[in-house]
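6 protein chains.
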Amino acid sequence: MATLGLIEYKDASPRVREVYDDIMATRKTDYINNFWKALANDPATLKRTWEDIKQIMAPGALDLLTKELIYVAVSVSNQCGYCIASHTASARAKGVTDDMFRELMAIVGMANETNRLASGYQIEIDERYKT
Amino acid sequence: MATLGLIEYKDASPRVREVYDDIMATRKTDYINNFWKALANDPATLKRTWEDIKQIMAPGALDLLTKELIYVAVSVSNQCGYCIASHTASARAKGVTDDMFRELMAIVGMANETNRLASGYQIEIDERYKT
Amino acid sequence: MATLGLIEYKDASPRVREVYDDIMATRKTDYINNFWKALANDPATLKRTWEDIKQIMAPGALDLLTKELIYVAVSVSNQCGYCIASHTASARAKGVTDDMFRELMAIVGMANETNRLASGYQIEIDERYKT
Amino acid sequence: MATLGLIEYKDASPRVREVYDDIMATRKTDYINNFWKALANDPATLKRTWEDIKQIMAPGALDLLTKELIYVAVSVSNQCGYCIASHTASARAKGVTDDMFRELMAIVGMANETNRLASGYQIEIDERYKT
Amino acid sequence: MATLGLIEYKDASPRVREVYDDIMATRKTDYINNFWKALANDPATLKRTWEDIKQIMAPGALDLLTKELIYVAVSVSNQCGYCIASHTASARAKGVTDDMFRELMAIVGMANETNRLASGYQIEIDERYKT
Amino acid sequence: MATLGLIEYKDASPRVREVYDDIMATRKTDYINNFWKALANDPATLKRTWEDIKQIMAPGALDLLTKELIYVAVSVSNQCGYCIASHTASARAKGVTDDMFRELMAIVGMANETNRLASGYQIEIDERYKT
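As given, the protein sequences belong to chains S, A, W, Z, Y and F, one line each in that order.
Take the first sequence: its letters are residues 0 to 130, numbered as in numbering that gives the first Met the number 0.
Take the second sequence: its letters are residues 0 to 130, numbered as in numbering that gives the first Met the number 0.
Take the third sequence: its letters are residues 0 to 130, numbered as in numbering that gives the first Met the number 0.
Take the fourth sequence: its letters are residues 0 to 130, numbered as in numbering that gives the first Met the number 0.
Take the fifth sequence: its letters are residues 0 to 130, numbered as in numbering that gives the first Met the number 0.
Take the sixth sequence: its letters are residues 0 to 130, numbered as in numbering that gives the first Met the number 0.
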């Protein structure tokens, strides 16, 4: 069970319910996932994190699907079990196909490999890459 | 300097030159960056890594630009200096605008934050996310 | 089950029992947690690790509670499941309140975010920060 | 140089200046460090990050000095060069003594060691640590 | 369950079966582990990864057992649960004794500790180590 | 410069000199590298770390060269600049050939790739790997 437990809607304070309501309205769902129910133990962090995510994940120069792919890429690279499970589900719900997922995994694996080859060989940055 | 040094085209063996030629032809450039010149000390790894990268980064279900964004995201998350420098340059050359870059950074930062919140609160995976 | 199994007190060699006894005496408990029971398969590492921990976690310029908070912070940042569970329990036993825990999580999340923003934007170190 | 460059006060937009002014007022300094000058290329992220930091690092259940120690601990664990330099300077300015720093480093090193011992020995979580 | 499921031999395409057959022949076993059954959802990645592993893990300047120890070391350092479990099993099957395993764990733990001490103290690289 | 500076032999306390003397005697060298000179600011950590390293890196079930390869593997995986430089130099001094180094890098890169593939595909551990 989560360290401080999960807070269900019916047990939530008005301040937490306000965030839950916004999550459900923004995401057009009636499901609040465990991440938010755990953060609800700290209403300030819940609100701040949700506001940040809402701002960051809104379509902009990058579309929603691309943003979700990036989120999964980081979570896989960090090997965060919860985040991989939840963002993979979310990515698929947003239209990430099996083929996209396969290519995503291949890139994440490759980047993790070449990151270490670059560091391990102690490769100096090319002059032209110094901004 | 790189651990085993950098191998310039003029000093390269035919086996290495073949890879260099393919890199330049595929990328439509006459520039070989330090990553490949360092890997050239191990022709088998050079060839294997280049063939893998060529296969993985070719447009497929995901377009080239999205793939490059994902590569940068992983490199930043891993904090690999060389890879951030080279793939950021590469991403910009491929059309990643400043606005895209800003959004990319915001997502990478956010994902790294929520990855730790999820782990730190020891949040169990929602039943519906268990594939 | 742990790779080499867990060694219970009754099955332990005198050399291992000596460490177990010291752990129980130092911590004023009769409980030996799985970490030590697993390390007991390597008595040299068991003894060395315990002696190191005892030295490092003793109150000094930093008090015990602060030290435990730092231990949790690192474990969460590394996303080590066992360590998060055991050190969170330990922190709470030592007086870390729910409010302290909430603030701790918020800082760990934030630091992980800004660490990547700093790396991703390739920010050079301010002259005044160069020691 | 930072990817998108550093934005000095005199070149900043009103929206960025507003954040700079708040940073200087809150921190009682006339120095804006490179981190903020780089983020200023993305005013939304600049404002969001600063507001978050201000909220999270304000004294609460944990005092300012403890919070700064935790920030350094995470940055060292992640091996973020910029963040180690800037937060170590900040910690010292806030009263972290050499002795505190020494103990901090010892704990961070130790936690990184035991995190891997726990994972490497595949130690199962003690029943009593399951919250 | 794995994101895209596991593909059993009887359900595999000829292209996947070819790789499975080579794995079984090379490893002199009739067991295909879950890693390959999951990758089989992406035959290109399956084939590429297997060919790479086969090339890299073949005895060369380093013998098989040393190579397997290095693989475990990285997996433990990254805290990848699946990889620790599978490569530890594989290492033991290849002749890694309990004593070797104990020493391996001790080194991995120690290296993770000193890595952070080096970064945390911001130690500059000795002139003689600059290649 | 290192956060607390580097302590030269001539400026060292008797307690620090004793460790320096042991390092030089054990390693049959008159060179003390920056890592120890930085740690010397904390004589307790200096002594503890040196004693641990001496114990762990002594030939046992694994020979010295294998141990050094593992140390480099972890340092590369963690991308610790100082540690990669110093342990690569140390490995070469102990007899690691260019060919061994090449194979080492290839394995470290590969393990980092497959670690993420395993996590990203959310592959469950095979029954037979559960110890």
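Please keep in mind that the hints were generated in silico from the structure rather than gathered at the bench.
There may be inaccurate statements among the hints.
Listed next, the in silico DSS-like pairs over lysine-lysine satisfying Cα-Cα at most 30 Å (straight line) [to be verified]:
1. W:K46 x F:K93
2. A:K93 x A:K129
3. Z:K129 x W:K27
4. Z:K46 x S:K93
Let me make sure I understand: some of the numbered hints might not hold for this structure. Which ones are they, in numerical order? 2
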